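**Student:** Okay, here's what each chain looks like letter by letter:
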Amino acid sequence: MSASTPGSRLSRRAAVLVGAVFIATAIAVAVFVPSEEQTTAPYVSVIPALDTTVETREFSLEVTRVRLADRVQTPEWLGDTNGVWLVVDIVFAPRLATAGIDGMLRIDDRIYLTSRRPDTAAVDQGAIGDPGLPWAGSMLIEMPVSALRSSGADAAVVQFTVGETRLDGVLEYTIDLTELATQDSVTIFEPERVAP
Amino acid sequence: MTLRARLRRIPLLAWIAVPLALAALVAWPLGGWDTVTLVSREVPGFASNQTLHGHRFDLRVDDAWLTDEHPAGYGAPEDGNVFLIVRAEVTNVSDLGESASALEDYIVPPVPGGGDFGTSQFVLATDHTTLPVVNPGLPTLLDILYEIPDDAVAPGDDLAIEMYDSLPRRSFVYSGIVWDEFLAGTAVRTVDRR
Numbered sequence: 001m002s003a004s005t006p007g008s009r010l011s012r013r014a015a016v017l018v019g020a021v022f023i024a025t026a027i028a029v030a031v032f033v034p035s036e037e038q039t040t041a042p043y044v045s046v047i048p049a050l051d052t053t054v055e056t057r058e059f060s061l062e063v064t065r066v067r068l069a070d071r072v073q074t075p076e077w078l079g080d081t082n083g084v085w086l087v088v089d090i091v092f093a094p095r096l097a098t099a100g101i102d103g104m105l106r107i108d109d110r111i112y113l114t115s116r117r118p119d120t121a122a123v124d125q126g127a128i129g130d131p132g133l134p135w136a137g138s139m140l141i142e143m144p145v146s147a148l149r150s151s152g153a154d155a156a157v158v159q160f161t162v163g164e165t166r167l168d169g170v171l172e173y174t175i176d177l178t179e180l181a182t183q184d185s186v187t188i189f190e191p192e193r194v195a196p
Numbered sequence: 001m002t003l004r005a006r007l008r009r010i011p012l013l014a015w016i017a018v019p020l021a022l023a024a025l026v027a028w029p030l031g032g033w034d035t036v037t038l039v040s041r042e043v044p045g046f047a048s049n050q051t052l053h054g055h056r057f058d059l060r061v062d063d064a065w066l067t068d069e070h071p072a073g074y075g076a077p078e079d080g081n082v083f084l085i086v087r088a089e090v091t092n093v094s095d096l097g098e099s100a101s102a103l104e105d106y107i108v109p110p111v112p113g114g115g116d117f118g119t120s121q122f123v124l125a126t127d128h129t130t131l132p133v134v135n136p137g138l139p140t141l142l143d144i145l146y147e148i149p150d151d152a153v154a155p156g157d158d159l160a161i162e163m164y165d166s167l168p169r170r171s172f173v174y175s176g177i178v179w180d181e182f183l184a185g186t187a188v189r190t191v192d193r194r
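Just so you know, the sequences run in chain order A and B.
Here my numbering is used: the first residue of the first sequence is 1, the next is one more, and so on.
Here my numbering is used: the first residue of the second sequence is 1, the next is one more, and so on.
Where hints are given, some of them may not hold.
Said to hold, decoys possible - Take a look, some chain A residues computed to stay more than 10 Å from chain B by CB distance:
{"#": "1", "residue": "I23"}
{"#": "2", "residue": "I47"}
{"#": "3", "residue": "L78"}
{"#": "4", "residue": "L113"}
{"#": "5", "residue": "P131"}
{"#": "6", "residue": "M143"}
{"#": "7", "residue": "A181"}
What the hints assert, rightly or not - What follows is a set of in silico ranges between Cβ atoms, one per label pair, in the way DEER data are often shown:
{"#": "8", "chain 1": "A", "residue 1": "D51", "chain 2": "B", "residue 2": "V93", "range": "34 to 44 Å"}
{"#": "9", "chain 1": "B", "residue 1": "V188", "chain 2": "A", "residue 2": "A26", "range": "48 to 58 Å"}
{"#": "10", "chain 1": "A", "residue 1": "A26", "chain 2": "B", "residue 2": "V36", "range": "21 to 31 Å"}
{"#": "11", "chain 1": "A", "residue 1": "A26", "chain 2": "B", "residue 2": "P11", "range": "25 to 35 Å"}
{"#": "12", "chain 1": "B", "residue 1": "P44", "chain 2": "A", "residue 2": "A28", "range": "42 to 52 Å"}
{"#": "13", "chain 1": "B", "residue 1": "D58", "chain 2": "A", "residue 2": "S185", "range": "28 to 38 Å"}
{"#": "14", "chain 1": "A", "residue 1": "T53", "chain 2": "B", "residue 2": "V36", "range": "30 to 40 Å"}
{"#": "15", "chain 1": "B", "residue 1": "G176", "chain 2": "A", "residue 2": "A30", "range": "11 to 21 Å"}
{"#": "16", "chain 1": "B", "residue 1": "D105", "chain 2": "A", "residue 2": "Q73", "range": "56 to 66 Å"}
{"#": "17", "chain 1": "A", "residue 1": "D80", "chain 2": "B", "residue 2": "V36", "range": "40 to 50 Å"}
Unchecked claim - Output of the computed footprint for chain B on chain A, the stretches with three or more beta carbons under 8 Å from beta carbons of chain B:
{"#": "18", "region": "79-89"}
{"#": "19", "region": "98-111"}
{"#": "20", "region": "144-153"}
Just so you know, these hints were derived from the structure itself, not from any lab.
What you are looking at is a predicted structure, and each value in this text was computed from that prediction instead of being measured.
Glycine residues also receive a C-beta, built at the ideal position from the N, C-alpha and C atoms.
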C-alpha cells in the first residue's frame, strides 16, 4: 500500500471542507428560514381607545365598552359561571362581504375563546353583517377568576377577526383587567343595527 | 498503511464522540430524544371523586346513564337506539382555549366486545349549550352524549370508560401542535336508565 501523497491529502481536506459547508448550510437553513407561522402571519392593527373606529381590509370595528361580571343575562338566558365574564361591547361592520365577527382574549400566552353559551346576543353567534351596515353587540369571554390576577392581566389583548386570518387584517384592543371592577350582573341584548 | 491500521490510529475518544455528534445532528431537527421511565403497566382506575390530571385536560368522570331525552332538547334517538350520557368535569390545563369537540378522544366508553361508540356530542350540563368552549383553567361540567344500539349497554352494567391523556408534539404536516393521546385511566360506572 502506498503512502498518501500531498495531492490526496489536499483532496481529503477539500472533501471535509465541502462537507462542513453543507452541514453549516443545512443548519443555517433550519435556523434562519421563516416558519409557516411567520410567512402567513396576519396584519395586526391596534384599536387605540374606546369609541375609535379602526378598519382592516375586511371589516371595521369600534370598542364601545368593556366590563367584567359574575353573571351575564339576556332576556332568555342566565349565564352563571364559576369563573368571570369579560363583556366587550362593539360596533362592527364588514366591508367586502357578508360576515360575522369572531375573537379571542390573549393573556400572555394563554388564549381564551369567545363563549357560545348565550343563544341570542353573543357576537360569535348572533349577527351576520352586510357590507357597510354596522351593528352593535356584545362579545363574551368566560375565564377563571385567577386569570384576572395572572401575569399579563394588565395588558390583556382582545383580538377581533373575520374568517381566515392568514395574511389578512386583524384588530387588537388592549385591556388592563386589573383595573376593571367586577359587576354582579350584566344584561346584554341581541345585536342591533346602528347608523353607519 | 492498511485500513485496520488506520482504524487503530483513531483515538478511543473519537470513536465515542463522533457517533454521539452524528446522532445529535440527526436528533436535533426531529426534536431531540425524549425518554420515559415505565412506572406501571396497570391502567389506574378513577372513582367519581378522583381527577385524572393530564397534560392537556384534567378529567373527572362523574356518572353515566341511558336515556331517550337529548340533554339539549333535540330529537329522540332513532328507533332501536338510546342515548348513553357520560357526565364529566373537564378542565383545560393547556394555554389554548378549545371547542369541546377537542375532547372526543379523551373520554371513550368502549362497546362491550370491542371498539367504541364513535362520534359524540358535547352539552354543557349547566345550561345545555351544545359544543361549548373549554377555556384554560375553567372547570366545565359536560354531558357527553353517544347514540348507541338499545342492546349495547343495559341498566346495571358496569361500563369501564376509558380516560386518555396526551402529550404535545410539533406538527410536521402543518403549523402548530398536535396531541398524541394515550390511555391513562379507566372510570368504571354502573349505568342506569333515566
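**Student:** None of the hints should be skipped; say for each whether it holds.
**Tutor:** So, going through the hints one by one against the coordinates:
{"no.": "1", "hint": "I23", "in the structure": "7 Å, violated"}
{"no.": "2", "hint": "I47", "in the structure": "21 Å, holds"}
{"no.": "3", "hint": "L78", "in the structure": "8 Å, violated"}
{"no.": "4", "hint": "L113", "in the structure": "4 Å, violated"}
{"no.": "5", "hint": "P131", "in the structure": "28 Å, holds"}
{"no.": "6", "hint": "M143", "in the structure": "6 Å, violated"}
{"no.": "7", "hint": "A181", "in the structure": "21 Å, holds"}
{"no.": "8", "hint": "D51/A with V93/B: 34 to 44 Å", "in the structure": "38 Å, holds"}
{"no.": "9", "hint": "V188/B with A26/A: 48 to 58 Å", "in the structure": "52 Å, holds"}
{"no.": "10", "hint": "A26/A with V36/B: 21 to 31 Å", "in the structure": "29 Å, holds"}
{"no.": "11", "hint": "A26/A with P11/B: 25 to 35 Å", "in the structure": "27 Å, holds"}
{"no.": "12", "hint": "P44/B with A28/A: 42 to 52 Å", "in the structure": "47 Å, holds"}
{"no.": "13", "hint": "D58/B with S185/A: 28 to 38 Å", "in the structure": "29 Å, holds"}
{"no.": "14", "hint": "T53/A with V36/B: 30 to 40 Å", "in the structure": "54 Å, violated"}
{"no.": "15", "hint": "G176/B with A30/A: 11 to 21 Å", "in the structure": "18 Å, holds"}
{"no.": "16", "hint": "D105/B with Q73/A: 56 to 66 Å", "in the structure": "35 Å, violated"}
{"no.": "17", "hint": "D80/A with V36/B: 40 to 50 Å", "in the structure": "41 Å, holds"}
{"no.": "18", "hint": "79-89", "in the structure": "holds (count 5)"}
{"no.": "19", "hint": "98-111", "in the structure": "holds (count 4)"}
{"no.": "20", "hint": "144-153", "in the structure": "holds (count 3)"}
Hint check: violations occur at hints 1, 3, 4, 6, 14, 16; the rest are consistent with the structure.
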